[in-house]
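J.: Chain by chain, the residues:
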Amino acid sequence: MTVEKQPADRPDAGPRNAPVFVLQVISGAALLVLLGLHMVAQHFVVPTGLRYYEDVIAWLGNPVVIAVEVAFLVFVTYHALVGVRAILFDFGFSDRAERRITLLLWIVGIATIGYGVALFAAILNAA
Amino acid sequence: MTETVTNARTTRLVVSRRKEGDDPGALRYDTFDVAVGPSTTILDALVAIRRELDPTLTFRHSCFHASCGTCGMRVDGREGLACVTPVPTRDEVTVEPLGNLPVVSDLVVDMNVFYDEFDEAGRPLVRADDLIPECAPAEGIDQVERYEDCIECGICLSACPVAGSDPRYVGPAALAAAWRLIDEPRGRDPGPVLSLMDDEQGAWRCHLAWECSEACPSGVDPAAAIMRLRGAAAAARVRRLFSFGGNR
Amino acid sequence: MTTNLPRQPFHVAIVGGGGTGGALAHDLVLRGFRVTLVERGELTSGTTGRHHGLLHSGARYAVKDRESAVECIEEREILRRVCPGTFEENDGLFVAITDEDVAYEPLFVESCLASGIPARRVSREEALRLEPHLNPDLKMAVQVPDATMDAMRMPLRFFASAKAGGAVIRPWTAVTELLVADHLVSGIRVRDLTNGVEEEIQADLVVNATGPWAEQLAVMAGCDVPIRPSPGVLLAVRGRWCNMVVNRLHPSGDGDIVVPQRGLSVVGTSSWVVDDPDDLGVPEDHVERMYAEGAAMIPAIRTAERRAAWSAARPLIGSRDADSGRELSRTFKCFDHRETDGVEGFVTISGGKGTTLRAMAETTADVICRKVGVEAPCQTREVVTLPHTAYYAA
Amino acid sequence: MASPTVEPRRPTTGPAHRRGLVGWFDPRGRRLGGLAFILNRLTGLGLVLYLYLHLMILSMLIQGPNAWDDFVDIALSPPFLALDVVLLTGMLFHGLNGIRVGLVGLGVVPNRQKALLVAALVIAALVAFVGALRIFAGEQGG
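Protein chains in written order, with my numbering: chain A, 1 to 127; chain B, 1 to 248; chain C, 1 to 394; chain D, 1 to 142.
Do not take every clue at face value.
Simulated DEER-style distance windows between Cβ atoms [claimed, not checked]:
no., chain 1, residue 1, chain 2, residue 2, range
1, D, 75, A, 117, 23 to 31 Å
2, A, 106, B, 39, 56 to 64 Å
3, A, 61, D, 83, 51 to 59 Å
4, C, 81, B, 143, 49 to 57 Å
5, A, 101, C, 189, 50 to 58 Å
6, C, 302, D, 108, 40 to 48 Å
According to the in silico footprint, chain B covers these stretches of chain D (three or more CB under 8 Å from chain B) [unchecked claim]:
no., stretch
7, 7 to 20
8, 48 to 57
9, 105 to 117
Facing chain A, from chain B, some residues (calculated, C-beta under 7 Å) [stated by the list, open to error]:
no., residue
10, 165
11, 166
12, 204
Simulated from the structure, these hints should not be mistaken for laboratory data. Just so it is clear, CB atoms sit at the ideal spot from N, CA and C, and this is done for glycine as well.
Excised from the complex, chain A in its bound form (with noise of 0.2 Å):
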């Protein structure tokens, strides 16, 4: 039974771009337990679930709970625009749109990030 050459005897194309939904599962993994601290430690201990201001101020002061909100901020944020692009890429735009995007999520992510940054700031030394 011979079968003659197939297209898939051409030679090896080689690898790509690492494929962003790796990166997408790591991140979403990261989540899974940063979304946990931070529910638990910002929501469910407290009783009624939010706190007033001084509760928080006093909460903000411990240098760990602000490490643990900012990689959950960089985080989440990256995760999200990442899923905000993947819809994007499914509306079939061309591949020059598409690096336009890319770059515009990435500008929106970092700033992002700086605002949530600068409003901890903000926020301790007003208290």
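Dock chains B, C and D against the given chain A, drawing on the hints supplied.
T.: Relative to the frame of chain A, chains B, C and D by itself:
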């Protein structure tokens, strides 16, 4: 061939029509009332319509028993092979061409687009088959052979929501065919096919809606094949990462 | 395509997109003809596609139709060479269940061997080892080189090669009339069903390759073709109950074959005669008989889920009065209507089986070459056909 | 007597029937997996919107105690608590479905897909229900 329809009831088939020169924007439907018996299939009804009501109605068919893969269609919005889809017991049934493939005429779609992607995997039609352990090959036969389950009907491509919005996606059929070659290379180097499909428009575009596997009339489960392909691709990347000096 | 012949000036129009039409287009293109093939529906959507998929070893015909048997075994070897990777070559078993079956075996084996078909007696135990789902009451079996094909994809290889060789293949194109003037057919008038446009296609010769519809087309040229559409019911059940083709070891009758097709098993066939090949129907009693006869060989079929039951009309050549289709000869014939009806430029090819599509094309191409005075040997015994997917290459 | 050649005919094809973007959210003819696909996108987009809403609200902390404490009082009223339950359900489904997509999507358990999906839906519903009770009951946490 029609069912010599005994206790027949009449069902209204709302059939999507398209001829060359039609306005691409406007969807056009014709309605046909057809006598339907207990075992009348959509294909039987279409054959009867073409013979008795409208000879210009075009649709693909060949084997009449879910073995050739030519009569894939959307019946009431869901993909299926017309030859083994009984006419639903509703008063009105909508019959439309497969999705995500250009329409040639009425219910006929352009399969060239499907095969452009599908043929890339270069899957053989017949494979040596060790699926059936208890069947021994007859004397003079060294290995029991069997046709691939995939009948190239295009139903999975039509059912896929990602293919539904972006034509660049390679599609479940081609990816599943590629996986079967990688999974059982039988002496051939699966490397090129793995690299070909390890791509943003290939295996990594799938969003696990699993609609392709649910719709597949041959039980190929292309979605699971895509996931295994992704596993192999990820593993190959990790190996390449730690192979340092190795070229691939 | 190795066409080392000068381009012939002749243009042949073939009506009918079944296996015969495809093989003829391939053959004529290799002999340098310009070819146009028209088919009102999808390719192989007539009798060809509804075939149960047996690549005949010829064993079934060895006793009563030696001519067909020899034809099949020769064609089987050629097709394996020109269509590589297209068949499940797992051989077949003729199983003997009753004493009459056993009594039939010596004549059967001797006829097979005389037709050049290898046939090997197999004990009951070995048969059950090869195919565990066989009826445990079987007495013995005979192994023959049956194989299975995909009734749509194997002929599609010929269409792919013909198309690559320059033939114009036009599905969705229905013949509305033949262009006939004083006993000369000069072409066909067609309607393209994709846009409703009608046009005339001039041709030096028109070939009627419409299978059981042959008479309907011949009438358009005032010719007569003794073709009787003889439908048979086929049943596909879920489950691959055998790898080898399982036949019943007895004179040919109803429901005496089970052919594996991927995850299905196809049981065939019955036989009756009709006039209109478009209106066959699927008599439920025939389906029941398929279940019963199939279960006689493989008991599990009795309770297997029905996937589909359909009818296929075989184009049998014979006199008008044959009432049951089976006596008619299963070999094929090529009618040059100049000899039979005094009409020039019109040839009909019909009869035959799925396995003999290449031989039917060769015979017809030889007749055409003689009619137009062209010396061109047949090359389809050697030229390997393209894979079926090549037909869909842009 | 050579007759003219017939040109091969490539009919111009019409557009494919694509469900397109609207089709993502059209549950008709969809099966469980397809619904998960829709739900994953809806909950995902919802969570992205909430991310930015959350940042805006937290910005009120800069204006000092009064503005923030007034907001907290409003946020504890039943309509807002109901919104919290919706948010919780969306988070639970998106997270649990994410585990399915992550594991199956890397070829880890390709044939367990449906089981994982059903598990995700069931667990999400249960935990969301328990969460809702605790949210409305007012007393929360350990």
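J.: Next step is simple, just say for each hint if it's right about the structure.
T.: Verification of the supplied hints:
One distance hint, 23 to 31 Å for the beta-carbon pair residue 75 of chain D and residue 117 of chain A, holds here, with the actual separation near 24 Å. For residue 106 of chain A paired with residue 39 of chain B, a C-beta distance near 59 Å keeps the hint of 56 to 64 Å intact. In this structure, residue 61 of chain A and residue 83 of chain D break the distance hint of 51 to 59 Å, their C-beta atoms being roughly 29 Å apart. Checked against the given bound of 49 to 57 Å, the beta carbons of residue 81 of chain C and residue 143 of chain B, roughly 19 Å apart, lie outside it.
The hint said 50 to 58 Å for the Cβ distance between residue 101 of chain A and residue 189 of chain C, and at roughly 55 Å that hint holds. A C-beta distance of roughly 42 Å is found between residue 302 of chain C and residue 108 of chain D, which places it inside the suggested range of 40 to 48 Å. Using a Cβ-Cβ cut-off of 8 Å, 10 residues of the stretch 7 to 20 of chain D lie near chain B, which meets the minimum of three, so the contact claim holds. Counting residues of the stretch 48 to 57 of chain D whose C-beta lies closer than 8 Å to any C-beta of chain B gives 0; at least three are required, and the coverage claim is violated.
Only residues whose C-beta sits within less than 8 Å of a C-beta in chain B count toward coverage, and the stretch 105 to 117 of chain D has 8 of them, enough to reach three; the restraint holds. The beta carbon of residue 165 of chain B is positioned within 7 Å of a beta carbon in chain A (closest approach about 5 Å), and the interface hint is therefore held. Evaluation of the residue 166 of chain B hint against chain A yields a held restraint, the C-beta minimum of about 4 Å falling below 7 Å. Annotation: residue 204 of chain B was flagged as interfacial toward chain A, and the flag holds, the nearest CB pair being 4 Å apart, inside 7 Å.
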